[in-house]
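Chains as they are written, first to last, in the working numbering: chain A, 16 to 279; chain B, 16 to 279; chain C, 16 to 279; chain D, 16 to 279.
Be a bit skeptical, because a hint or two may be false.
Note: identical chains are not told apart, hence a pair may lie in one copy or across any two.
For lysine-lysine, the following DSSO-like pairs were computed, each having C-alpha atoms within a straight-line distance of at most 27 angstroms [claimed, not checked]: (1) 274 <-> 198; (2) 247 <-> 83; (3) 83 <-> 238; (4) 238 <-> 56; (5) 198 <-> 83; (6) 274 <-> 238; (7) 247 <-> 56; (8) 56 <-> 83.
Keep in mind that the hints were calculated from the coordinates and are not lab data.
Listed here are the chains, written in short residue letters.
Protein chains: 4
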Amino acid sequence: MAQVLFGHGANILDADQHTDPVAQQFFQRIRVDLSELLTDKGTLERAIAEVAQRFGMTYRLYYAERVKRVALFVSKYEHCLYDLLLRHRGGELACHIPVIVSNHPDLAPVAREFGIEYVVIPKDPASQEAAEARELELLAEHNIDLVVLARYMRVLSAKFVSAWENRVINIHHSFLPAFVGQKPYHQAYERGVKLIGATAHYATAVLDQGPIIEQDVIRCSHKDSVEDLVRKGRDLEKVVLARAVRLHLDDRILVYDNKTVVFD
Amino acid sequence: MAQVLFGHGANILDADQHTDPVAQQFFQRIRVDLSELLTDKGTLERAIAEVAQRFGMTYRLYYAERVKRVALFVSKYEHCLYDLLLRHRGGELACHIPVIVSNHPDLAPVAREFGIEYVVIPKDPASQEAAEARELELLAEHNIDLVVLARYMRVLSAKFVSAWENRVINIHHSFLPAFVGQKPYHQAYERGVKLIGATAHYATAVLDQGPIIEQDVIRCSHKDSVEDLVRKGRDLEKVVLARAVRLHLDDRILVYDNKTVVFD
Amino acid sequence: MAQVLFGHGANILDADQHTDPVAQQFFQRIRVDLSELLTDKGTLERAIAEVAQRFGMTYRLYYAERVKRVALFVSKYEHCLYDLLLRHRGGELACHIPVIVSNHPDLAPVAREFGIEYVVIPKDPASQEAAEARELELLAEHNIDLVVLARYMRVLSAKFVSAWENRVINIHHSFLPAFVGQKPYHQAYERGVKLIGATAHYATAVLDQGPIIEQDVIRCSHKDSVEDLVRKGRDLEKVVLARAVRLHLDDRILVYDNKTVVFD
Amino acid sequence: MAQVLFGHGANILDADQHTDPVAQQFFQRIRVDLSELLTDKGTLERAIAEVAQRFGMTYRLYYAERVKRVALFVSKYEHCLYDLLLRHRGGELACHIPVIVSNHPDLAPVAREFGIEYVVIPKDPASQEAAEARELELLAEHNIDLVVLARYMRVLSAKFVSAWENRVINIHHSFLPAFVGQKPYHQAYERGVKLIGATAHYATAVLDQGPIIEQDVIRCSHKDSVEDLVRKGRDLEKVVLARAVRLHLDDRILVYDNKTVVFD
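Construct all of the structure, not just a fragment, from the sequences and the given hints.
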């Protein structure tokens, strides 16, 4: 592949690779500069496709000038939303954020402050299907590339996440696989752990079982009430989710076997 | 209680307390200097017992000059054993270590090097009961206060751990409650976590479910094979186990509701 | 002291103590519930003062119902400002924030969004004295208890910080005492460190030499440009500053010998 | 270069690269499998040299079957020495350790236990030059590739470290550049830091100023005496030094501008 790129005048800036000897798979991320391309993009793309086919490689091609479009899904907690929007405004996240979707009206003022459309789609078991149809429509309308569940408190259907495989990032407020499901801080308090964690992962059909992108922990003790864990955890959730989103936006994550290769 | 101690000339050096508002329990650790005791130990002990009874308090009394006696249980891995023995020799762990028990002969040379008796008690499902009887005998003979499972690869029976409640410390090579049971590093590898952990806890009748004393984690990535996780994990296991043993030897751990209060 | 409190019906909720054997000083923080006070506050205060004098103790008395008043000083960076304001709004910081002072107009919109007065006091070497006079006036007008320098890029005079001893918290973007002074991220880049840090401390007459309240670090590598360090460091600065402010607001910090005792 | 390797049948297993845009330098580490080499090593080496010269590249070539030979320098502290020897015995460090050099006889029993020659070379200001001459001789005799100062308490001369540039790894017990020089734990105690650190670096003519390979920190508080810092620090020193040695043995460290590129 390096030879193909070289032959077309595509200058390799970065190349990371990983071999999984167990799964017997080889992974590579190549970042190229096309400013001195000898042919045109179409020719290059055809050459890449040809090589990939010959060697049985799967590949994805991203152009950095095509800035990704992100939809944020939120419920009532503002901390992850604010964090992402402030990082975005500060230039940390290279993307457009045209729309925020919520099952509650509470965070509309935050969206307004940042000049972003805020769409309320209420969700209860009865309305789930219609609500998701509306959400999917919205994603199509806004030409969305990535959905970020920024403490969105509703579970997306298997149908939804399958259609958006590896394009929905969720933040779970525990160190997965510990404390799957509801109220992980309460579970952590009950178990008496000495560290709490947060996990960013791609959402899959099985709750909290998707490929893990990033995790981190913070120390706690018997002195911490559930409220203290919630407070400490907020700092983790923000940072871990933001790192995962940034890695995705930079096309640094490859997924296989329900795991991630993160080229950072 | 402070008044009783004061009244007998027992000088309070340290006092830590914790109130659990959920369990509605109050915990306190008081360290006193008896060098200017106005009465004698017996009188003081009776006064403490009287106050404790009057207010419905549970208490334990330890004399620092009574150095605790520790038995180490090991199998084939030497890293935790060496770590504890070197810390002990270096003065980090205030205890006597009169005996090392193992289900394998492999680590006898380490015991010899440190001049400690090494007793091999093989263990298979058939012999488990007789083996444990012998172990309990040994603990009695050596007047043991604390059993440390330093990567001991056999599960102690419910009967054993009940008799030694809160006096058997185990190191589990995962961030509990994630990856309970066998081969946690393999489980961690399969799940694709981005941090691995280690947990020191008191052994109870339910495997890996006892009160957690200490935990820590280290970062890993897709680049780490199971062997890499095992290697990185060893450093965690050593440090986390040593911290837990030290806390226990200093009488800094109170247990209730399958959780610990650690006064550090 | 415990006896005096007890005698007046002041119920001790928490008591932390620390003995510094080198400095030969004893420190204690006692939190009491006055709801069942047998006398009145004046009587209690006199009794405390009397005991303190008798035993040569220094003490400070805070009433929790007297919520502290905080002034934030900022320049052009918004991340710490936003972080503190959002935490305040979310109930993490028990204080009033009546005024934000800046040497630049840039962050006025943030202040407006949170409904807080924003006062621009430009500052250059020539105007420093007059500017500080105005600042001190402002603090007096607003009855301020604590000044937080949330990435304020001007050095306060020795006169100012002496008048506000242990009541001005600064965040320095390095792991002090490494990289004192200007541009610590550039210094860190030059030195090739593998971790960068942030330090919250009380401002004193000597730059970056005040008593350290809290510190934390994050891993970096040769891959990180100065801009990457700045970005990673922002997350540290926010968290470390917020923790320090929270500790101060809870009256958990005692200062002596240019060091802090933090009762957390 | 990739083409040259490919052309000779050298199969690229790993390739890491780094571009420093400030220093305008490009770094690459390539690991190749020579089992299907079409030519012989000599031919390959000449081809590599030719390409390197043509493009003005500096390069080093290591054969994995040529196991590195390491000399450990120690004084009286045993923790780093034991740690390295146990890791070596456990297969974590791919090297030979034929000799341990010390300015004191104290650790001879440790060397004996592991079957390694222990040479005492006393050192005081008067004898420094002769002592170093003897050390250099010893390194030559044993065909040493790497010197590890495992808490060696003597400063090597500028002449020595220049001759052994980037081949002497030292562990300094602070988070450099904080607390350069003598008694860093005492300095840390005096300054009242909330974290202590350890730094592994290549020794250079200027004390504690060499290229940093690895660093880590651990939390401390006002409760920690100097002795507590020393104890906590030992765990850091061991782990940080071992990581640095391992990285060096794997040829993962490139040095330039007094900084390191670490390809891990």
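Hint-by-hint comparison with the structure:
| no. | hint | verdict |
| --- | --- | --- |
| 1 | 274 <-> 198 | both (24 angstroms within a copy, 19 angstroms between copies) |
| 2 | 247 <-> 83 | between (31 angstroms within a copy, 22 angstroms between copies) |
| 3 | 83 <-> 238 | between (43 angstroms within a copy, 24 angstroms between copies) |
| 4 | 238 <-> 56 | neither (60 angstroms within a copy, 29 angstroms between copies) |
| 5 | 198 <-> 83 | neither (32 angstroms within a copy, 33 angstroms between copies) |
| 6 | 274 <-> 238 | between (35 angstroms within a copy, 12 angstroms between copies) |
| 7 | 247 <-> 56 | neither (48 angstroms within a copy, 35 angstroms between copies) |
| 8 | 56 <-> 83 | within (19 angstroms within a copy, 48 angstroms between copies) |
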